[in-house]
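> Residue numbers 836 to 1057, in my numbering, belong to the letters of the sequence shown in order.
Hint data in this document are derived by calculation from the structure and do not stem from the laboratory.
Hints are supplied without guarantee of correctness; some may be wrong.
Claimed, not checked - List of simulated lysine-lysine pairs, DSSO-like, C-alpha gap at most 27 Å: (1) 950 to 837; (2) 928 to 877; (3) 1034 to 1051; (4) 928 to 862; (5) 992 to 837; (6) 904 to 950; (7) 1049 to 1034; (8) 862 to 1034; (9) 895 to 928; (10) 950 to 928; (11) 1034 to 1022; (12) 895 to 837; (13) 949 to 897; (14) 992 to 928; (15) 992 to 1022; (16) 877 to 950; (17) 1049 to 904.
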Amino acid sequence: MKNLVIVIGGSSGIGYAIASALLLSGKHEVLNLSRHTASMIKCLKMDATDYRQVERAFWKVKNNYGTPKHMVYCAGVANPQGVLEIDRETWRKTIDTNLTGAFYCTQEFVKIAKKSGGSIIYIASTAGTRPQPGWSSYAAAKAGLINFAITMNEELKEYGIKCYCLAPGRCNTQLRAILAPNEDRTKIMQPEEVAQFVKYIIENDNVLNGQIIKIKGNTYSA
């Protein structure tokens, strides 16, 4: 029997690569919860920053697909601006998408998975581990997500739910292409590399949960 994996933000970039890798393995049923659809992957429309939409989406998951075994939170947005330029709406949207949505989705996932156990994988960023001038909203959100992830790993042990925090470095996504248009995209990490590591965690890992796992190309460090 295939395990159900929910990917939040699986319609593009790293999220799409993760959903595709899991689907193509033939071992998992994959469901994308996102504002946008993606080819091949089943999708439920959902805005992760809207709690009511998240609540309804997880209710539909439980009633139409069964209890999910794994959740990958990969929703993200970045709009780099200096502290004097950034407006309140941009700050709010960045924090809500990268961090608050993770809280909403975690709460609903735990409600339906707490009796069966499983895992949650949060896709953070190395931006959340170091000073990022001009990127304060994104870096702060990812730093918050990192701490939320490692805290959840301790808090959710009683339910048999393990939590992982992956912090990729520069990665060849559509968002990266907009933010760094002159960068040689062949010389940075590809979304498929992150996806293969997520696939490994879901299928094999017994030792890496509770750590901040930095991914850079074909290597990782915890």
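> With reference to the structure, classify each hint as holding or not holding.
Outcome of the hint check:
1. 950 to 837: Holds, at about 18 Å.
2. 928 to 877: holds (26 Å)
3. 1034 to 1051: holds (16 Å)
4. 928 to 862: Between residue 928 and residue 862 the Cα gap is close to 35 Å, so the pair fails against 27 Å, i.e. violated.
5. 992 to 837: Holds. Residue 992 to residue 837 sits at ~23 Å (cutoff 27 Å).
6. 904 to 950: holds (11 Å)
7. 1049 to 1034: Measuring from Cα to Cα gives roughly 16 Å; hence the hint holds.
8. 862 to 1034: Status holds; Cα separation ~10 Å.
9. 895 to 928: holds (25 Å)
10. 950 to 928: violated (33 Å)
11. 1034 to 1022: It holds: about 23 Å lies between the C-alpha atoms, which stays within 27 Å.
12. 895 to 837: holds (19 Å)
13. 949 to 897: Status holds; Cα separation ~13 Å.
14. 992 to 928: violated (31 Å)
15. 992 to 1022: violated (39 Å)
16. 877 to 950: holds (25 Å)
17. 1049 to 904: Holds, because 24 Å separates the two Cα atoms, which is no more than 27 Å.
Hints 4, 10, 14, 15 from the earlier list are contradicted by this structure; the remaining hints agree with it.
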